[in-house]
Amino acid sequence: MIRVLFMIAIAGFVLSVASLSAAVALGGPDFVAKGGWRIAGDNDWDWGDHHDHDRSDRWGDDATRTLEWSGSDRLDLDLAADVRYVQADGPATVTITGPARLIDHVVVVGDTIKYQDRGHSTHRTKLDIVVRAPNISTFDISGSNNLTIEGYRQPKLNLNVSGSADITAAGETDQVSLDLSGSGDADLGRLKTKGAEVDISGSADATIAPTDWADLDISGRGDIRLLTRPGKLETDVSGSGEIHQSEGPAPSPPPPPTPPPAPSPKGAKT
Numbered sequence: 001m002i003r004v005l006f007m008i009a010i011a012g013f014v015l016s017v018a019s020l021s022a023a024v025a026l027g028g029p030d031f032v033a034k035g036g037w038r039i040a041g042d043n044d045w046d047w048g049d050h051h052d053h054d055r056s057d058r059w060g061d062d063a064t065r066t067l068e069w070s071g072s073d074r075l076d077l078d079l080a081a082d083v084r085y086v087q088a089d090g091p092a093t094v095t096i097t098g099p100a101r102l103i104d105h106v107v108v109v110g111d112t113i114k115y116q117d118r119g120h121s122t123h124r125t126k127l128d129i130v131v132r133a134p135n136i137s138t139f140d141i142s143g144s145n146n147l148t149i150e151g152y153r154q155p156k157l158n159l160n161v162s163g164s165a166d167i168t169a170a171g172e173t174d175q176v177s178l179d180l181s182g183s184g185d186a187d188l189g190r191l192k193t194k195g196a197e198v199d200i201s202g203s204a205d206a207t208i209a210p211t212d213w214a215d216l217d218i219s220g221r222g223d224i225r226l227l228t229r230p231g232k233l234e235t236d237v238s239g240s241g242e243i244h245q246s247e248g249p250a251p252s253p254p255p256p257p258t259p260p261p262a263p264s265p266k267g268a269k270t
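Heads up, the sequence shown is in my numbering, so the first residue is 1 and it goes up one at a time.
Some clues are possibly wrong.
Cross-link-like lysine-lysine pairs, in silico, BS3-like; alpha carbons within 27 Å at most [said to hold, decoys possible]:
1) 232 with 192
2) 114 with 156
3) 156 with 194
4) 114 with 192
5) 114 with 126
6) 232 with 194
7) 192 with 156
Label pairs and their in silico Cβ distance ranges [claimed, not checked]:
8) 110 with 221: 29 to 37 Å
9) 190 with 231: 19 to 27 Å
10) 138 with 237: 21 to 29 Å
11) 66 with 174: 28 to 36 Å
I should point out that these hints are in silico values taken from the structure, not numbers from a laboratory. Please read all numbers here as calculations on a predicted model, not as lab measurements. C-beta: ideal position from N, C-alpha, C; glycine also.
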C-alpha cells in the first residue's frame with residue numbers, strides 16, 4: 001500500500017513539473033520576467049505576482065487629464081483621491097493626476113466624480129484632483145479621502161464627512177454646517193464664519209472659529225476645538241467627547257439703551 005502511494009506521489013510530481021515546463025515554454029521569457037500569471041481584461045486584475053512592481057508597471061506612468069464639467073453646487077467623491085477645490089469664475093473643470101490607465105476611467109456624472117466601471121471602484125491608489133468651479137457649496141466626502149478648500153466665498157458651506165477623511169477649509173462664509181462621522185478631522189480654523197452648526201459622531205475632531213453663534217453636538221468621543229468665543233453657544237455632549245474653547249476676550253455685551261432726554265422745566269423758554 002505504501003509503495004502504491006509513493007508511486008502516485010512520484011507520478012503527480014512528474015506531471016506538475018511537465019505542466020510547469022509547458023507553461024514556461026508557451027509563455028517565453030516574459031512569463032519568467034513578470035513572475036507569474038496575469039489575467040488581462042477590463043478590470044486589469046493581477047494575480048500570482050511574486051515580484052514587487054512599482055505603480056507605473058501596472059497602471060502606466062503618471063499623467064494629467066482635464067474633464068469639462070457642467071458645474072453644480074454639490075460635489076460627491078466616489079473614488080480614492082486627494083481633492084483640492086478652488087473657487088473660480090468661468091467654466092467648471094476637473095483636473096486629475098495619477099496613473100494613466102486609471103485616470104482614463106474617471107468620469108464626472110452629475111455631481112459625482114467616479115470610475116466609469118465597477119471594476120476600478122475598489123482601487124486604493126489615490127488620485128490627485130483639482131476642481132475649479134464658481135459655486136460648489138456642498139461637499140460629500142467619505143473613506144480616507146482628503147479635501148482642501150481654498151478661497152471660499154459663499155453664503156453657506158455644507159460638509160458631509162464620513163470615514164477617516166480629512167478636511168481643510170479657508171475663506172469666508174456666513175454659516176458652516178459640518179456633519180462629521182467616523183474618525184476624520186475637519187480643520188476650519190481659517191474659515192471666517194458668523195455661525196457654525198457641528199454634529200460629530202464617533203471619534204472625529206473639528207476646529208472652528210465662528211464669531212456670532214455656534215450649535216455643537218457630540219456623540220461619542222469626538223472633540224471640537226473652538227478658537228473663538230461666540231456670543232451664543234449651545235452644546236450637547238453625550239459620551240466622552242469634549243469641547244475645548246480657546247482663552248480670549250469674552251464677547252462684548254450689547255451697549256445699554258440710550259436714556260430719553262430729560263423733560264424741560266415748566267415755564268422754561270424753548
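Right, here's what the structure says about each hint:
no.	hint	result
1	232 with 192	holds, 16 Å
2	114 with 156	holds, 25 Å
3	156 with 194	holds, 10 Å
4	114 with 192	violated, 31 Å
5	114 with 126	holds, 12 Å
6	232 with 194	holds, 11 Å
7	192 with 156	holds, 11 Å
8	110 with 221: 29 to 37 Å	holds, 36 Å
9	190 with 231: 19 to 27 Å	holds, 21 Å
10	138 with 237: 21 to 29 Å	holds, 26 Å
11	66 with 174: 28 to 36 Å	holds, 32 Å
Hint 4 alone, counting from the list given before, is not met by this structure.
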